[in-house]
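Trainee: Residue numbers (my numbering), protein chains in the order written: chain A, 1 to 397; chain B, 1 to 397.
Calculated directly from the structure, the hints in this document are not laboratory data.
A couple of the hints might just be wrong.
A pair counts as met if it fits within one copy or between any two copies, since identical chains are not told apart.
[Stated by the list, open to error] Straight-line C-alpha distance at most 25 Å; calculated DSS-like pairs for lysine-lysine:
1) Lys285 <-> Lys19
2) Lys96 <-> Lys367
3) Lys381 <-> Lys342
4) Lys61 <-> Lys396
5) Lys298 <-> Lys285
6) Lys298 <-> Lys68
7) Lys391 <-> Lys298
8) Lys19 <-> Lys342
9) Lys323 <-> Lys298
Number of protein chains: 2
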Amino acid sequence: MKIENPTPLEWRFSERAQKLQSSAIREILKITMRPEIISFAGGLPSPATFPVEQLKVAFDKVLSEQGKVALQYGPTDGYGPLREWVADSLSTNGAKILPNQVLMTSGSQQGLDLLGKVLIDEGSKVLVETPSYLGALQAFSLYGPEFVSVPSDEGGLLPETVATLGQGARMLYALPNFQNPTGRTLSVERRHALVDICARLGLPLIEDDPYGALSYRTEPLPKMLSMNPGGVIYMGSFSKILTPGIRLGYVVAPRPLIEKLEQAKQATDLHTAQLTQMVVYNTIKDGFLNEHIPTIRKLYSDQCDAMLDALKTYFPSECSWTKPEGGMFIWVTLPKHIDSMKLLDEAVQQHVAFVPGAPFYGNTPEKHTLRLSFVTVPPAKIREGIERLGKLIAAKI
Amino acid sequence: MKIENPTPLEWRFSERAQKLQSSAIREILKITMRPEIISFAGGLPSPATFPVEQLKVAFDKVLSEQGKVALQYGPTDGYGPLREWVADSLSTNGAKILPNQVLMTSGSQQGLDLLGKVLIDEGSKVLVETPSYLGALQAFSLYGPEFVSVPSDEGGLLPETVATLGQGARMLYALPNFQNPTGRTLSVERRHALVDICARLGLPLIEDDPYGALSYRTEPLPKMLSMNPGGVIYMGSFSKILTPGIRLGYVVAPRPLIEKLEQAKQATDLHTAQLTQMVVYNTIKDGFLNEHIPTIRKLYSDQCDAMLDALKTYFPSECSWTKPEGGMFIWVTLPKHIDSMKLLDEAVQQHVAFVPGAPFYGNTPEKHTLRLSFVTVPPAKIREGIERLGKLIAAKI
Numbered sequence: 001m002k003i004e005n006p007t008p009l010e011w012r013f014s015e016r017a018q019k020l021q022s023s024a025i026r027e028i029l030k031i032t033m034r035p036e037i038i039s040f041a042g043g044l045p046s047p048a049t050f051p052v053e054q055l056k057v058a059f060d061k062v063l064s065e066q067g068k069v070a071l072q073y074g075p076t077d078g079y080g081p082l083r084e085w086v087a088d089s090l091s092t093n094g095a096k097i098l099p100n101q102v103l104m105t106s107g108s109q110q111g112l113d114l115l116g117k118v119l120i121d122e123g124s125k126v127l128v129e130t131p132s133y134l135g136a137l138q139a140f141s142l143y144g145p146e147f148v149s150v151p152s153d154e155g156g157l158l159p160e161t162v163a164t165l166g167q168g169a170r171m172l173y174a175l176p177n178f179q180n181p182t183g184r185t186l187s188v189e190r191r192h193a194l195v196d197i198c199a200r201l202g203l204p205l206i207e208d209d210p211y212g213a214l215s216y217r218t219e220p221l222p223k224m225l226s227m228n229p230g231g232v233i234y235m236g237s238f239s240k241i242l243t244p245g246i247r248l249g250y251v252v253a254p255r256p257l258i259e260k261l262e263q264a265k266q267a268t269d270l271h272t273a274q275l276t277q278m279v280v281y282n283t284i285k286d287g288f289l290n291e292h293i294p295t296i297r298k299l300y301s302d303q304c305d306a307m308l309d310a311l312k313t314y315f316p317s318e319c320s321w322t323k324p325e326g327g328m329f330i331w332v333t334l335p336k337h338i339d340s341m342k343l344l345d346e347a348v349q350q351h352v353a354f355v356p357g358a359p360f361y362g363n364t365p366e367k368h369t370l371r372l373s374f375v376t377v378p379p380a381k382i383r384e385g386i387e388r389l390g391k392l393i394a395a396k397i
Numbered sequence: 001m002k003i004e005n006p007t008p009l010e011w012r013f014s015e016r017a018q019k020l021q022s023s024a025i026r027e028i029l030k031i032t033m034r035p036e037i038i039s040f041a042g043g044l045p046s047p048a049t050f051p052v053e054q055l056k057v058a059f060d061k062v063l064s065e066q067g068k069v070a071l072q073y074g075p076t077d078g079y080g081p082l083r084e085w086v087a088d089s090l091s092t093n094g095a096k097i098l099p100n101q102v103l104m105t106s107g108s109q110q111g112l113d114l115l116g117k118v119l120i121d122e123g124s125k126v127l128v129e130t131p132s133y134l135g136a137l138q139a140f141s142l143y144g145p146e147f148v149s150v151p152s153d154e155g156g157l158l159p160e161t162v163a164t165l166g167q168g169a170r171m172l173y174a175l176p177n178f179q180n181p182t183g184r185t186l187s188v189e190r191r192h193a194l195v196d197i198c199a200r201l202g203l204p205l206i207e208d209d210p211y212g213a214l215s216y217r218t219e220p221l222p223k224m225l226s227m228n229p230g231g232v233i234y235m236g237s238f239s240k241i242l243t244p245g246i247r248l249g250y251v252v253a254p255r256p257l258i259e260k261l262e263q264a265k266q267a268t269d270l271h272t273a274q275l276t277q278m279v280v281y282n283t284i285k286d287g288f289l290n291e292h293i294p295t296i297r298k299l300y301s302d303q304c305d306a307m308l309d310a311l312k313t314y315f316p317s318e319c320s321w322t323k324p325e326g327g328m329f330i331w332v333t334l335p336k337h338i339d340s341m342k343l344l345d346e347a348v349q350q351h352v353a354f355v356p357g358a359p360f361y362g363n364t365p366e367k368h369t370l371r372l373s374f375v376t377v378p379p380a381k382i383r384e385g386i387e388r389l390g391k392l393i394a395a396k397i
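Take the sequences, apply the hints, and build the full model.
Mentor: Put into structure tokens, the structure is as follows:
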């Protein structure tokens, strides 16, 4: 039988798919992967921090001792001992977290997708920071929310504005530690105020915390989860403290939500690789992260200092930028008439790259902003790149 | 600051989440994991077939030689050499598949979720077999389709019925080889007819093929993909021929759809673990599967024969069942008055388990059906379990 004159397949995509676009960042990354380019555009951790040897030993051990179990289908909620480890690591004197409040996910990004699936209807109000993490905006967008941008200043979001904006909303999404993209940290006072207001509104507060452990100067600030574990949904990740390529994160929440998220995950990918979870558990269970994380902090802190010095030296005084106390990013505000998307074209010609700020806004973008990552570029190259960028900007003032 | 009289958090779930239920199969599996139970309920491959040693060597090799790359964030569409391998393995003389038509996924289940995201709107007509794979019904359900059940007989779905039923539909989902749950195989003639009708309608035809390589007696039948690569979406998996626990599958489709699926995947979990893909590629690139798959076929074929023999011996003549030519499942039809869900309660008391057929129907369930898996139970236990089940059924006739 031959197909004669078949109707050519005209793809009819769902409404949500028609709105999908490739991430501006990933498109830019493709261009900036050329070796001659000094790229501050990446959101990738430094491969120098990946504990390759330790993971190799752990893969060998798990496959040798429990290979058949590690390679079989596993439970949707995750590998028991690792869920226990996560629960213990987040428990405080005032707030005990139980292992059954932990759902392991295929990277933190999957946690965002599952939260969108379970909490967002078409038109649901979702509060986000100004600016916010692009990957979260993308994940939630698939479910058709109406984003409400919470006003902010240098200290991050302004909790008192939530009392009005948050009424009838489905959730508030915040990244309190060394935020992506700004590098800002929410103060302890604002954390308490935000938790308080959300609790009064009955508004689920999502605390996304992939960078929390990467504090340069002080101990990390208390988590909002510890202030009200009944109302805060905490998201963690092994991407920035171990390796991102294994795709392992987790969501911590009250049981009614975890049960729904687990059902959604079952329909989405059945479960996250058991082998990976067993290997991570074996690698970290005896305190490895206590030695390992300080080495990451030191590396990133030195490079952050190099970038801050270079910005001071080479950027025009009309620009301002954040001074992060941890994490991977600095956020630059240019004079208002400079569109950073256009600036990027010129910058790439000068072999230096960054990410324009516009895509990070849930609503009205501030086009004169940009994000710089300092973690994968050595200090000498940081100075060189920032000098070039500074000259380009100075020429426009 | 203390939270005084907070509004207790009343979880407000999305409409799609309110419809979510835990898989009947997974709930049953929890009960039937007790060692004293002879369980035909599983959908798990036999761990005896997992090539633990080969994978251990490959993990060591990849981490030793390319550790930093394997552990970094990777491309959303997948690891290039593995995409090339998949494309080559599916190319035929008449139909060349290109690597950029392949999207690697976190297990085949993720492919189903992504297809639902990209192709299904609320109320979209989606054609499914009668019965169909439960995991697909669950994945698609999240996007609110109207399922249309395509009539079938012992030879699988009836292609001619699609000409009418398929008008205005968004897709047809079929599992032509050793279907889950029935074990049925669609004949070559019906494959051609189905491809032809779908092409005329402009209806995307999803060919889900996790069991295709597990043919017992003959070479696998030609894939529908090879008959019309412009209109067929092919789904493959490493779960049944290597190991399911690593969560690795793929979707093969024309470029316009792959681009949308890739954007959806980016928002869903960024990418599938690069390390896993590199390890699988290293394990299979020199022909390992050519030696390995025949050992799985032999094991499953012997156990399938044992179960068919036992059914003939111990089941009342009022029952009928499929005679699979590959895969993992036999489908039993009981006399109409016997509800297999109720039968399961009694069976578990007799320490034997199966999966009732009802959850596998997109619309009206046939409650007097059930699924048996023979792959994880040795022949002597198969006979014992089928004898017990047969007696239970006989007592009801």
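Trainee: Checking each numbered hint in turn, tell me which of them this model violates, lowest number first.
Mentor: 1, 2, 4 and 7
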